[in-house]
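Enquirer: Whole structure, please, built from the sequences with the hints as guidance.
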Amino acid sequence: SLSLFVFIYSYILAFYFGTAGLSYRFIYDKKQEQHPKFLPRQKLLEMACASRALPVITVLTIPWILGELHGYSLVYKDWDKFGYPYLALSAVMFILFTDFCIYWIHRLEHHPMVYAKCHKLHHKWIVCTPYASHAFHPVDGYLQSLPYHMAVFIFPMHEYVYLALFAFVNVWSVMIHDGEYVSNNSLVNGAAHHTVHHLYFYYNYGQFTTLFDRLFNSYRKPTQEIYDRSRRNSKTVQASQAHAIDTALPTLESRKKTQ
1 SLSLFVFIYS
11 YILAFYFGTA
21 GLSYRFIYDK
31 KQEQHPKFLP
41 RQKLLEMACA
51 SRALPVITVL
61 TIPWILGELH
71 GYSLVYKDWD
81 KFGYPYLALS
91 AVMFILFTDF
101 CIYWIHRLEH
111 HPMVYAKCHK
121 LHHKWIVCTP
131 YASHAFHPVD
141 GYLQSLPYHM
151 AVFIFPMHEY
161 VYLALFAFVN
171 VWSVMIHDGE
181 YVSNNSLVNG
191 AAHHTVHHLY
201 FYYNYGQFTT
211 LFDRLFNSYR
221 KPTQEIYDRS
231 RRNSKTVQAS
241 QAHAIDTALP
251 TLESRKKTQ
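Residue numbering for the sequence shown follows the UniProt record's numbering, starting at 1 and increasing by one per position.
Calculated from the structure, these hints are not laboratory results.
Every residue, glycine too, gets a C-beta built ideally from N, C-alpha and C.
Please note that a few of the clues may not be correct.
What the hints assert, rightly or not - Here are the simulated SDA-like pairs of lysine to any residue, each with C-alpha atoms no more than 25 Å apart in a straight line: (1) 235 - 181; (2) 120 - 48; (3) 77 - 180; (4) 37 - 166; (5) 37 - 56; (6) 221 - 234; (7) 77 - 61; (8) 81 - 65; (9) 30 - 41; (10) 77 - 4; (11) 120 - 4; (12) 81 - 180; (13) 117 - 81; (14) 221 - 211; (15) 117 - 221; (16) 37 - 211; (17) 124 - 155.
Stated by the list, open to error - Pairwise CB distance ranges (calculated): (18) 160 - 14: 46 to 52 Å; (19) 39 - 171: 22 to 28 Å; (20) 185 - 146: 35 to 41 Å; (21) 78 - 10: 27 to 33 Å; (22) 160 - 217: 36 to 42 Å; (23) 221 - 88: 25 to 31 Å; (24) 5 - 224: 45 to 51 Å; (25) 88 - 248: 17 to 23 Å.
Expert: Below, the structure is given as structure tokens:
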């Protein structure tokens, strides 16, 4: 219904601009905007792209939300229904299930037959700001959100655990685009790992962990200078990254055209 659309869209828009805005204001390393691959007026372009995508994604998502609201999912309200240990287990299951699904959705979106039509827009942002987190083609955004809705139709989750995790994944999407590489954990697909994906395209497709990139041979470890602000913002490092990107882009385009 229209009222449901307005409510959901307003919430998503406020959450996106609020979370990305706070990240940009207090966390984002703005010196990265001097990178040769950072586009003129890129922050505004990212905002505009997200603002166009989110209404379409909301419309596509409403059937899933209606299914959840009308009791067709496995969302439950009674804390004792499956016991408290299951609350923690269901959260782990949610992360692993969605990470696996998004890995393959994301990787397939890099196939030459799909990339230009769906995912290429998101890779316009080679050096990202937090506003790039939701700046993609609406079909791309919808496809990558599907596992979050599918999960509660496959295994039970308490409604508050589900809502908390749903909020977390949106915050996480902002965090992995914020350019602040706090975690150097090789199992966590943090901002450094996702930066590698935006810079070099063919690596680190996972959302939360590097598990499936490791299992399916698409993992690339971030280099040490990426964790050091002074080193990663040096003109030498940025020029080297720009050269690597310029070398990779023709290969990506030629692969797309031959399929």
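Enquirer: Is the hinted pair residue 77 and residue 61 satisfied, with a Cα-Cα distance of at most 25 Å?
Expert: Holds. Residue 77 to residue 61 sits at ~22 Å (cutoff 25 Å).
Enquirer: Verify the proposed pairing of residue 235 with residue 181, using a straight-line Cα cut of 25 Å.
Expert: 19 Å, holds
Enquirer: Taking only the CA atoms, is the gap from residue 37 to residue 211 under or equal to 25 Å?
Expert: 29 Å, violated
Enquirer: When you check the alpha-carbon spacing of residue 81 and residue 65, does it fall within 25 Å?
Expert: Holds, because 22 Å separates the two Cα atoms, which is no more than 25 Å.
Enquirer: For a C-alpha distance cap of 25 Å, please report whether residue 120 and residue 4 respect it.
Expert: At roughly 31 Å apart (the allowed maximum being 25 Å), residue 4 and residue 120 break the hint.
Enquirer: Looking only at beta-carbon atoms, does the pair residue 39, residue 171 fall within the given range of 22 to 28 Å?
Expert: 25 Å, holds
Enquirer: Sort out whether residue 180 lies within 25 Å of residue 81, counting only the CA atoms.
Expert: Outside the cut-off at roughly 40 Å; violated.
Enquirer: Holds or violated: are the alpha carbons of residue 117 and residue 221 at most 25 Å from each other?
Expert: 28 Å, violated
Enquirer: Just to be sure I understand the hint, the distance between the Cβ atoms of residue 160 and residue 217 should be within 36 to 42 Å; is that true here?
Expert: 38 Å, holds
Enquirer: A range of 25 to 31 Å was offered for this pair. Does it hold for the Cβ distance of residue 221 and residue 88?
Expert: Given a distance of about 30 Å, which is inside 25 to 31 Å, the answer is holds.
Enquirer: Holds or violated: residue 77 with residue 180, Cα cutoff 25 Å?
Expert: Violated, at roughly 37 Å.
Enquirer: Just to be careful, I want the Cα atoms of residue 120 and residue 48 compared with a cutoff of 25 Å; is the pair within it?
Expert: 16 Å, holds
Comparing the model with each earlier hint shows violations of hints 3, 4, 5, 11, 12, 13, 15, 16, 17, 18, 20 and 25; every other hint is respected.
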